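As they're listed, the protein sequences go chains F, U and G. Per the working numbering, the first sequence starts with residue -1, numbered consecutively. Per the working numbering, the second sequence starts with residue 102, numbered consecutively. Per the working numbering, the third sequence starts with residue -7, numbered consecutively.
Hints are not guaranteed to be accurate.
Which chain G residues face chain U? A few, computed with CB under 8 Å, are given here [claimed, not checked]:
1. Lys120
2. Gln144
3. Arg146
For the record, the hints were derived by calculation from the structure and aren't laboratory data. None of these values were measured; they are calculated from a predicted model. Ideal Cβ positions, reconstructed from N, Cα and C, are used throughout, including at glycine.
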Amino acid sequence: MRVLIDKKDIGFFFESLKEENTVYGVKQKEPGFYVFDEAETFSDPLDKYTPTLLPPKKYLFPQKETLLKFSTTPSLKVKQLIEFKKQVIFGVRPCDIHGIKLLDKVFTTDHEDKNYTQKRANTIIIGIDCMKPCYKYAYCESVGCLDVEDGFDVLLTDMGDCFYALIGTAQGEAIIRKNARFINANKSDDEKIKCMKEERRGLFENKFATDISNLPLLFKNADNDPVWDELNDRCLGCGRCNIVCPTCYCFDVFDCVDLNMSSGERCRQWDACTLKDFAVVATGENFRSTRGQRLRHRFNRKFNYLMTKHNTSFCVGCGRCSRSCPVKIDVVETVNAVVNNRKTK
Amino acid sequence: MINNNSLYLPEIARIVSVRQLTEMEKYFEISTEGKKEFSFNPGQFVQLSVFGIGEAPISISSSPFNKDTVGLCIRRMGDVTTAIHKLEIGASVGIRGPLGNGFPVRELKGKDILFIAGGLGLAPLRSMISYVLEKRKDFGRIIILYGTKSPGELLFRDDLETWRQIEDIELIITVNRPDKDWTGRTGVITRFIPSLELEPQNTYALVVGPPVMYKYALLELQEKLIPENNIIMSLERRMKCGVGKCGHCQINGVYVCLDGPEFRYHTLKFLSEAI
Amino acid sequence: MSKIKAAFFSFTSCEGCQLTVLTLEEQLLELVELIDIVTFREAMSEKSDVYDLAIVEGSISRNSEITQVKKIRDTAKVVVALGACATIGGVNCLKNQYEMDAVKKIVYGSMADNFDTIPARPIEAVIKVDYKIHGCPIDKDEFVEVVKAILQERKPRIPEYSVCVECQMKENICLFEKGMVCLGPITRAGCKAICPTYNDGCVGCRGLIDDPNVSSHKKLLTDHGLTIDEAIAKYMLFGSYNKNA
Ligand SMILES: Cc1cc2nc3c(=O)[nH]c(=O)nc-3n(C[C@H](O)[C@H](O)[C@H](O)COP(=O)(O)OP(=O)(O)OC[C@H]3O[C@@H](n4cnc5c(N)ncnc54)[C@H](O)[C@@H]3O)c2cc1C
Ligand code: SF4
Ligand code: SF4
Ligand code: SF4
Ligand code: SF4
Ligand code: SF4
Ligand code: FES
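Bound conformation, chain F alone (with noise of 0.2 Å):
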C-alpha cells in the first residue's frame, strides 16, 4: 500500500502517533548539526537534515542499559530486566534504517538478545528517503544502503506539497488508517517515485573503487598493508567513531552496587573496539595493542567479518566516522588506499 499525505498534515500525523507512544524526531541542535530526541510538536528539518550525531540505535541499544538486578542480602536475588516501551522514531534516513536492519541481524543470529529485540518489537520506523547526497561524508550508494525495500513500516518521499507514503509492515498500514489524513496514491505518482530515484543515481560522488563485493577478500589479503601503519600514527585511539557508528554494537558489561554494599545492578554500556584495553585479558596481554591493529579490526567489521558472516556491507554509509574523526581518517580514503595497493601488488 502508498499513499499521499499532505505536507500540512504530516504535522497531524506525528502528534496522533504520540496518542499511544513516545515519538522521537529529528531535532537541530545548533545549526549543522542534528539529534534525534523526543519532540512535542513536529517541526522536523526532514528535508535537509544531515545524519543526526548518534545514530537512531540508541533508542534499541541505548549508551547504558541495566540487564539485572539483584540484593545478596538475606539471600542472593537476581532479576532480569528487560526495559521497552511503545516508541516511533520519525524521520529516519535510508543509511539508518539499514543500519536497525543489521543491528536486527546482530541482534537475533545464534541467540536472541531480549534487551534489544523487545525494544525493537515495540518500535515503529517512519523513514524520510533521500533523493540527493546529504552531505560530502555520505557514501550510502555505494554501500548499497541507498535504496531501502524493507526494515520500516512506512518511508515518506517528498514530492513537494505532498508525502509519498510507502507502507512496509501492516503495523505501518494500521497507523496510518487510524493515525493519518491521506489519499490513496495513484499509478503516476508511482512513476514519479521512481523518476525521482532514478534520476538521485549518480549524484553521489563519494565512492569506493572497487564493487563492495570484493572487498571481504580484498580485506583479508590487507593485513600487512602500509595503510594500517600509517593509520597508527595518525589515529588518536579516540572512539569516536565506534560511538557514532549505527552499526557498531560491542559492549562492556560491569556491576553495581549501591551505596548499602548488598543491592545492585548489572549494566551493559558502548564499548570501542579502537579504544586500548578492549581486548586485554587479566594476564596483561593485549591482542590488539596497537592503534592500526585496532584500526584494521575495526574496518574488517565492517567490510570483512561481519561481511562474510552475515553476507551485507556492515557499513552502511553514513559517514559519520569520517566526519567525527578529529584527524579526518576517512573510511572512503582508507578502503581506497587498500584497494589500490592490493591492485599494484
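Fit chains U and G with the ligands to the supplied structure of chain F, relying on the hints for placement.
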C-alpha cells in the same frame, strides 16, 4: 514453552565444596540444587558471577558424567576471581552456561589422544580426561603431557597420582623451575613432544595452555606430522557476554565464546590474530 | 565488621576536592554508615592518629610535606590520592618550569627566604598510592566508586578511555567542528565530559590516557590554528610534572 529469559540472566548456584589446590588456585564445586541438570561437553565453560563484582569465564573442570555439580578450578587473577576465592561453602554465585562448544568428542572416538596441558590448561582438559577414562575402551592411546612453572603449581595432584597408576595412560609431568625436592622431569613441556612415538593420522592433540605455549607446541606437532585438522587448541580472550554479542573475544572473523573456545589449527592458521 | 577509619589530609591545593566530597549530601550520610571519618580539615576539628584509609589531597611542594606524607603512608593501610594535584601534580607543577628561588619571590615577595619550596610533585612521586581519584575538581560519583571499590577489595571502575567517548555518548557537538580545540581525545574520561558539554575545551585535568598519540594530537592543534608554543602550553597546564626532571 517460550523462554522469556534474558541471555544475561544467570542461574543461582551454591558452592558445595572448596579445595585449595595451590597457592593461587582453588577448586570449587557448585550446584544449582536440582533446579538444573548440567549436561555439557568437555571443554565448555560457564560465565561465573559474583554479584556486585562481575562475571568471568571459567572452564568446566569436572566430569561430564557428573550432572549434579560443576567443578571449577579458579586462579586468583583479578576482581571476580579474587572475590570467589573469598567465598566459602554455602555461598551463592551465579552461572550462565554451559557456553562454547567443547571438544568434538564423537570425532575423537577410536583415536589416540595426546593431551598437552600447560599450567591452568589442565582445568578444561581434566574434564575431557575424565570423559576418556570413563569411556576408556572407546579410545586408543592416551598420552598426557602436563607442565607447570614450578612443582608448587601442579594442579589436581591426587588425580595425577591416580592417572599415574593407570597402566594404559602415558603420563609425562614436567616443571620449568624444579625445587630441591623435585625428582621428576624438568624443562618446558614442548620439549617432550619429539620423543613421543605417534601414529600421526590416528592421533588428535588437544592443547590448552598460556598463549606463549601454542607456537612451540605447534612446531613440534607439525614436526610429528599430526594433521592440522587433528590439532585442537583452546584459546583465551577477554569475554563479557559469552554469547557472541559484545565483540570482546573476537579474533578476526570468529568469536571465541561462540565458535570456540576450541579451534582446529586448520581454522586458526587463517586467523592472523590468533596465535 | 568494624568500620574503616578514614582520614582526609590536604597538602598544596585549593582544597576544592575535599569540598566536592562535602557536597555529596545524602550520599555522604550513607557513606558515613560505611566509613568513620576521623580527620577532616574541612569538616571536623578533632584529629586522630589512628586510621586505615588516608585520602590525600594536594601535591607535595615542600620538604616538610615529604615527611608528613611518609608518616601518613606508614600509618594507613590504604592511601588514596584525591584530585589532580595529588594524582598528577596538577597546576602546582607549572612552577617547576621556573627556578625555585624565582618562584618563591613571585609568590611570597620579600618573605621568600622564610619558605621552603621544592618542585611540586604528585603524591605518587613520594609514596606508594593505592587508588587515584582524578580531576580538578574530582567527580563525586567517582569518589563514591573508589570508596565502594576499597570496601569490596576490587579495582575501581575508572575509565582508561578518552573524554571523547563520554562526550560523544552525550551527543555533544565536537568543539573541533566548531573551530575550537580540545584535549579530550588524549585525556582520561570520568568527568562526563563536563567541559565540552559546557562549550569549553578539555584542558586535560584528569591526565593522559594510556599510550596517548601526542604527536598526532599536537598536529591536530596546530592544524586548528595554534602555534607550537600555544599547543605546548595547553599540555603543560596539567601535564607539566615531569618524572625525569
Ligand atoms: C574460555 C575461557 C576459559 C577460562 N577458564 C578458566 C579457568 O578454568 N580457570 C581460571 O582460573 N581462569 C579461566 N579463564 C581466565 C579467567 O576468565 C580470567 O582470569 C578472569 O576473567 C579474570 O577475571 P577477573 O575479574 O578476576 O580479573 P580482572 O582483571 O579484574 O578482569 C575484569 C574483567 O575483564 C575480563 N577479562 C579479564 N581477563 C580475562 C580473560 N583472561 N579471559 C576472559 N575475560 C577476561 C572479564 O570480563 C573480567 O570480568 C578462562 C578464560 C576463558 C576465556
Ligand atoms: S563505519 Fe562510518 S560510515 Fe560506516 S556505518 Fe559506521 S559510522 Fe557510518
Ligand atoms: S548517508 Fe545516504 S542515506 Fe544516509 S542520510 Fe545521507 S544521503 Fe541519506
Ligand atoms: S575517531 Fe579517528 S582518531 Fe578516534 S579512534 Fe576513530 S579513527 Fe582513531
Ligand atoms: S569536544 Fe573534545 S572531548 Fe568532545 S568529542 Fe570533541 S575532542 Fe572529544
Ligand atoms: S573535560 Fe577535561 S578538563 Fe574538563 S573536567 Fe574533564 S578531563 Fe578535566
Ligand atoms: S564474549 Fe562477547 S562476543 Fe564473545
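- Does the nearest C-beta of chain U fall within a distance shorter than 8 Å of the C-beta of Gln144 of chain G? holds, 6 Å
- Message: Hint Lys120 of chain G vs chain U: min CB-CB distance below 8 Å?
- Response: With a closest approach of 20 Å, the Lys120 of chain G hint is violated.
- Task: Grab the minimum C-beta distance from Arg146 of chain G to chain U and call the hint holds if it beats 8 Å, violated otherwise.
- Result: holds, 4 Å
Violated hints amount to a single one, hint 1; each of the other numbered hints is respected by the structure.
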